[in-house]
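All chains should be modelled from the sequences, with the hints used to inform the complete structure.
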Amino acid sequence: MRQCVTSCLSIDTTNTEGKCIKMVPLVKIHPDNPQARLINQAAALLRGGGVIVYPTDTAYGLGCTLSNRKGVDRIIQIRQLSANHRFSILCPDLAEIAHYARVDNATYRLLRRFLPGPYTFVLEATRDVPKNILPRRKTIGLRIPGHSICLALLQAVGEPLLSATVRLPQDETVLNDPEEIHKRLASQVDMVIDSGILLSEPSTVVDLTGDAPVILRSGAGDPNVFM
Numbered sequence: 001m002r003q004c005v006t007s008c009l010s011i012d013t014t015n016t017e018g019k020c021i022k023m024v025p026l027v028k029i030h031p032d033n034p035q036a037r038l039i040n041q042a043a044a045l046l047r048g049g050g051v052i053v054y055p056t057d058t059a060y061g062l063g064c065t066l067s068n069r070k071g072v073d074r075i076i077q078i079r080q081l082s083a084n085h086r087f088s089i090l091c092p093d094l095a096e097i098a099h100y101a102r103v104d105n106a107t108y109r110l111l112r113r114f115l116p117g118p119y120t121f122v123l124e125a126t127r128d129v130p131k132n133i134l135p136r137r138k139t140i141g142l143r144i145p146g147h148s149i150c151l152a153l154l155q156a157v158g159e160p161l162l163s164a165t166v167r168l169p170q171d172e173t174v175l176n177d178p179e180e181i182h183k184r185l186a187s188q189v190d191m192v193i194d195s196g197i198l199l200s201e202p203s204t205v206v207d208l209t210g211d212a213p214v215i216l217r218s219g220a221g222d223p224n225v226f227m
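In my numbering, the protein residues as written are 1 to 227.
Don't read these hints as lab results, they were simulated from the structure. The model shown is predicted, which means the values in this text are computed figures rather than measured ones. Misleading hints may appear alongside valid ones.
[To be verified] Straight line, CA to CA, 30 Å or less: simulated DSSO-like cross-link-like pairs of lysine-lysine:
#1 131 to 28
#2 183 to 131
#3 183 to 70
#4 131 to 70
Dropping the structure here:
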């Protein structure tokens, strides 16, 4: 196998049949003290229209920026999702959530109690949610993951991320080993961040659009606190 193009972020090689193969990096980032240089590399990929795999406080996620329509299409293709799949929107703080969702005082107090954390909250969307990304969507799922790498990445990108858990169509469980994820997705994404083996459970989804919280999916966050 010979090298055909080299850059700081990826290497293209050719196999024995002469076909060019994209080899994206598996980047090890410290889970508690993320290296700024590596975070900035990942953020640059995202701002440039890339799709990457990154850790959250629950599982690894496939993500792109909120404004990246082509990135959304790539994630849908990788996961073989329906066009109306409900993505999570990852935000760095509560102020950003209030920009994209209607949050009254009671809801704000509840969000402040449980975020950052392993919960996704379904809220009524504002007009600031891009219609070309989430068409005809009156509600959206938002979360603030309690993971240093993910929070640093959100701050560096300067824009929320659309996210889907790394669960491939042929699998019954979530992929939680970054080396296995890299092996299986290296030709379909632009970077895989390695933060070690994570949980194999997605976030707990709580609908806050009604008079009382409704659990839509039980996951890593304790659902009993809302019952």
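For each hint, the structure was consulted:
1. Restraint check for residue 131 and residue 28: not satisfied, since their Cα atoms lie roughly 35 Å apart, outside the 30 Å limit.
2. Among the hinted pairs, residue 183 with residue 131 is inconsistent with the structure: their alpha-carbon atoms are about 34 Å apart, more than 30 Å.
3. Restraint check for residue 183 and residue 70: the C-alpha separation of about 23 Å stays at or below 30 Å, so the hint holds.
4. About 14 Å separates the Cα atoms of residue 131 and residue 70, which keeps this hinted pair within 30 Å; it holds.
Hint compliance for this structure: hints 1, 2 are broken, all remaining hints hold.
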